[in-house]
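Protein sequence lines correspond, in order, to chains P and Z.
Under my numbering, the first residue of the first sequence is numbered 14, with each subsequent residue one higher.
Under my numbering, the first residue of the second sequence is numbered -19, with each subsequent residue one higher.
Since the hints were made in silico from the structure, they are not lab data.
Be aware that a few hints might be false.
What the hints assert, rightly or not - Below 25 Å or equal to it, Euclidean Cα-Cα: the simulated PhoX-like pairs (lysine-lysine) are:
id, chain 1, residue 1, chain 2, residue 2
1, P, Lys71, Z, Lys72
2, P, Lys85, P, Lys71
3, Z, Lys72, P, Lys106
As the list claims (entries may be wrong) - Taking CB as the label site, the calculated pair distances span:
id, chain 1, residue 1, chain 2, residue 2, range
4, Z, Thr92, P, Pro109, 15 to 25 Å
5, P, Pro109, Z, Pro61, 17 to 27 Å
6, P, Ser119, Z, Gln82, 40 to 50 Å
7, P, Asn68, Z, Gln82, 13 to 23 Å
8, P, Ser119, Z, Ser58, 39 to 49 Å
Beta carbons: idealized from backbone N, C-alpha and C, even for Gly.
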Amino acid sequence: MKKLAILFTIATVVCLAACQKQVTVPVPANALSSTDAYINDVLQSGHAAAVQYENDVKGGFVPAPAFKAAMKGLVDALNIADPLYQAYHETLKTNPTAAEPPALSSAMSNVSTALGNVSASATQK
Amino acid sequence: MPLQLIVGLITTLASTLMTVLTGQNVVSQKLASLVDSLVAAGATLFSAFTSGGTVTSELTTVLTTLQTELAAAKQDTSIDPVILDQIAEADKVVSAAIGGFQQGEQTTDPSTLTPLPPVDDTTTATPPAAPPANPPAPAEHPAEQSRDSSGRFN
């Protein structure tokens, strides 16, 4: 149990560090701004994970309740964030300096929260 | 934040292991090895974050290590096959997330973000129970009755 306590502490610290520190990466092709690229990366990553999970469930994988709840939260958050991001991307085409809409910021925060719930589920019996 | 997302997915592995341990109150040698790998993964990622560099290569290394540990754990017949399924799936989800992240770094294309189907609310695996002091006969063990030959629940 000591190892698990260490693991959980490290995971929490890493997540907090990620919240505070933005790692600079080159802006990808077709990106209209660094914010545009960054949101796209988050959502593409989440989608890839969700699609993999869905395909495996269709293939016969039976998830544990905590695992399933975490993935459900992630999928729900992604489905809310996607159209908001797509609309923002379109806005950037005509207004390159457009600020990120508060609703999109909130949705992206919820994506992060959904992932935080994955960690929190580890302590649930 | 993309890295935060990936780190969050990696902790899915920890979630699975905690489920095992709270259910069985036992840490097998193979699972302890997996926990060691996760601890090392957390340390590696933390180091990458604090140094300000990219962590793609570190994540790849971590993932490779975890996959190696998983392969070793699969050889241990004492671990419930349902638990191994959860670990393997977490591993696959993390791999997919990293792949999606890398693809997103190549090009920005929001049109590929199509609506995801909701997660089914009905099917879940039953967490393993603590091993009884006097195990009942197989016919009286519901968890065993509902599995197929691969160890999955029907």
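Okay, the hints, checked on the actual structure:
no. : hint                             : verdict
1   : Lys71(P) x Lys72(Z)              : 14 Å, holds
2   : Lys85(P) x Lys71(P)              : 15 Å, holds
3   : Lys72(Z) x Lys106(P)             : 36 Å, violated
4   : Thr92(Z) x Pro109(P): 15 to 25 Å : 22 Å, holds
5   : Pro109(P) x Pro61(Z): 17 to 27 Å : 54 Å, violated
6   : Ser119(P) x Gln82(Z): 40 to 50 Å : 27 Å, violated
7   : Asn68(P) x Gln82(Z): 13 to 23 Å  : 19 Å, holds
8   : Ser119(P) x Ser58(Z): 39 to 49 Å : 46 Å, holds
Comparing the model with each earlier hint shows violations of hints 3, 5 and 6; every other hint is respected.
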